[in-house]
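Undergrad: Taken in sequence, the protein lines are chains Y and X. Position 30, counted from 1, in the first sequence is what the working numbering calls 30; the numbers after and before it change by one each time, with no gaps. Position 65, counted from 1, in the second sequence is what the working numbering calls 65; the numbers after and before it change by one each time, with no gaps.
FYI, nobody ran anything at the bench for these hints, they're computed from the structure. Predicted, not measured: the structure shown is a model, and the values here were computed from it. Warning: the hint list may mix true and false statements.
[As the list claims (entries may be wrong)] Which chain X residues face chain Y? A few, computed with CB under 7 Å, are given here:
{"no.": "1", "residue": "V253"}
{"no.": "2", "residue": "S254"}
{"no.": "3", "residue": "V329"}
{"no.": "4", "residue": "E354"}
[What the hints assert, rightly or not] Pairs of lysine to any residue residues, derived as SDA-like cross-links and limited to a Cα-Cα distance of at most 25 Å, are as follows:
{"no.": "5", "chain 1": "Y", "residue 1": "K65", "chain 2": "X", "residue 2": "Q246"}
{"no.": "6", "chain 1": "Y", "residue 1": "K65", "chain 2": "X", "residue 2": "R251"}
{"no.": "7", "chain 1": "Y", "residue 1": "K65", "chain 2": "X", "residue 2": "L54"}
{"no.": "8", "chain 1": "X", "residue 1": "K19", "chain 2": "X", "residue 2": "L54"}
{"no.": "9", "chain 1": "X", "residue 1": "K223", "chain 2": "X", "residue 2": "G315"}
[As the list claims (entries may be wrong)] Pairwise CB distance ranges, derived in the manner of DEER restraints:
{"no.": "10", "chain 1": "X", "residue 1": "R380", "chain 2": "Y", "residue 2": "D22", "range": "20 to 26 Å"}
{"no.": "11", "chain 1": "Y", "residue 1": "Q4", "chain 2": "X", "residue 2": "L300", "range": "51 to 57 Å"}
{"no.": "12", "chain 1": "X", "residue 1": "D385", "chain 2": "Y", "residue 2": "R61", "range": "27 to 33 Å"}
{"no.": "13", "chain 1": "X", "residue 1": "G407", "chain 2": "Y", "residue 2": "D70", "range": "47 to 53 Å"}
{"no.": "14", "chain 1": "X", "residue 1": "G389", "chain 2": "Y", "residue 2": "Q80", "range": "26 to 32 Å"}
{"no.": "15", "chain 1": "Y", "residue 1": "Q80", "chain 2": "X", "residue 2": "S317", "range": "32 to 38 Å"}
{"no.": "16", "chain 1": "X", "residue 1": "V139", "chain 2": "Y", "residue 2": "D37", "range": "18 to 24 Å"}
{"no.": "17", "chain 1": "X", "residue 1": "D385", "chain 2": "Y", "residue 2": "E34", "range": "47 to 53 Å"}
{"no.": "18", "chain 1": "X", "residue 1": "D22", "chain 2": "Y", "residue 2": "Y63", "range": "44 to 50 Å"}
{"no.": "19", "chain 1": "X", "residue 1": "E234", "chain 2": "Y", "residue 2": "R61", "range": "48 to 54 Å"}
{"no.": "20", "chain 1": "X", "residue 1": "E225", "chain 2": "Y", "residue 2": "E20", "range": "33 to 39 Å"}
{"no.": "21", "chain 1": "Y", "residue 1": "G64", "chain 2": "X", "residue 2": "W382", "range": "20 to 26 Å"}
Idealized CB from N, CA, C, for every residue including glycine.
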Amino acid sequence: MNEQELREVLIDALTQIAPEIDAAQIDPQADLAEQLDIDSMDFLNVVVALHERTGIEIPERDYGKLATLDDAVAYLAAAQ
Amino acid sequence: MPSLGADMEFGTLLEWRVKPGDVVKRGDIVAVVDTSKAEIEVEVFEDGVIDELLVPEGTARVPVGTVLATLRTGGGEVTPPAGAAAAAAATSPPEVAAVAEELPAEAPPTQPAPDTAVAEVSTAEIHPAGEHRLHVSPVARRVAEQLGVDLATVTGTGTEGAITKADVERAAAAVVLPTAPTPSAATAPSPPAAPAPPAPAAETAERQAAMRQAIGALMARSKREIPHYYLQHEVDMTRAMAWLAQENLRRSVSERLLPSVLLLSAVARAVAQTPAMNGFWVDGAFQPGEGVHLGVAVSLRGGGLIAPAIHDADGKSLDELMAALHDLVARARSGRLRSSEMSDPTITVTNLGEAGVDLVHGVIYAPQVALVGFGGIRERPWAADGMLGSRPTVYATLAADHRASDGHAGSRFLALIERLLQNPEEL
Chain Y
1 MNEQELREVL IDALTQIAPE IDAAQIDPQA DLAEQLDIDS MDFLNVVVAL HERTGIEIPE
61 RDYGKLATLD DAVAYLAAAQ
Chain X
1 MPSLGADMEF GTLLEWRVKP GDVVKRGDIV AVVDTSKAEI EVEVFEDGVI DELLVPEGTA
61 RVPVGTVLAT LRTGGGEVTP PAGAAAAAAA TSPPEVAAVA EELPAEAPPT QPAPDTAVAE
121 VSTAEIHPAG EHRLHVSPVA RRVAEQLGVD LATVTGTGTE GAITKADVER AAAAVVLPTA
181 PTPSAATAPS PPAAPAPPAP AAETAERQAA MRQAIGALMA RSKREIPHYY LQHEVDMTRA
241 MAWLAQENLR RSVSERLLPS VLLLSAVARA VAQTPAMNGF WVDGAFQPGE GVHLGVAVSL
301 RGGGLIAPAI HDADGKSLDE LMAALHDLVA RARSGRLRSS EMSDPTITVT NLGEAGVDLV
361 HGVIYAPQVA LVGFGGIRER PWAADGMLGS RPTVYATLAA DHRASDGHAG SRFLALIERL
421 LQNPEEL
């Protein structure tokens, strides 16, 4: 997947958890958990959804590398 | 109408899942009720045959304790507080059970609330002449209510013509809204059935207001009636977090455990050994809970809080607890909870999450007698063996009812939670 596709997959996973968010409103460089008020259960659901869609299994120690939308897309692109 | 949480006074009967003559078994879901917080699936607590449905679908503001239906049990006699009301009688503390039992056998179905007629009309529109009923997902139903969309006018595109959330949103976008609500609409004390459907913003605000009112009423009662005492204890989480990291490393993503599951497990096991923390204060006396049913405070998106139970949590493995928590959070936030989950938690845990602030001094969920709180897990200075270092720690707090226990018992309880967390492999 290219970066644009990865970004769409990620946004899709996020909107599953926070249906009220407007994807266009997400600041790609700000902390996702804080912006979208997602907790650890929500985040785990995102990680599971990303695994299902991309096959990428994100180890726990790398969770910090997915803090923002841009960081997460870059991480996924590198992990493919 | 069962009491689905101590903060509930009324419920809206959304849907019957049974009809007269149906054979039901204990635990079967017989109806769906909307409290101001969530849609709850009401379970029947006795085997039998549905005799009569006394409250029609769509009836709003049905007082707790109202007989919703009658049930014929084994001997063929008709049991008055049957069906849904039996759920309250069977699982709630006596205070609530008494309400259901006091009802006369020939109780009138319900005091027709001022908005009953309107609610019935809209039900009739949704299910024309009781013929084939529309397939609507719970989320779609909720969204339709919020957006003021009449489901009968929506074309479903889901499986077998089921109406999905997207269908409702499309329909809402196409609807020209009636006149804008007056600013006071949201704050007016539940007006008797406005003739025109309120605009979406007003309805969402009304729902929010109702939830705040319910939480406020219960919390005010707790603070007024319960002499709380508070304890806090910093717990070393080094072993627990290291064990968890190792464990999660060898698990696939979908099988990973969250730190909160370790905390829940430790509380459940500690509660099992500390009966004074597990149960209810009713009519001037402590009534021990039967089993450890751990209420888990779940924050709802957009505000509000709900604390359904994980049943028999002390006997569950970490995997089982994780599955139960995952399921409960998902259903609390988007889907449906069951009546037993709402009516019988014996103690509640509130967890601010790993990224939360340091600690929480909770308000006890009456008539329970204790509430355990956890703040964020993070690196903090820690002195041990004459050395100052840093370790991941969590502040465990206890708010307990001084009528039921003393600080000494509470202190031993928190210390036990700490001890259990030092041996995570045994949780």
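Undergrad: Hint by hint, work out which the structure violates, then give me just those numbers in ascending order.
TA: 7, 9, 10, 11, 14, 17, 19
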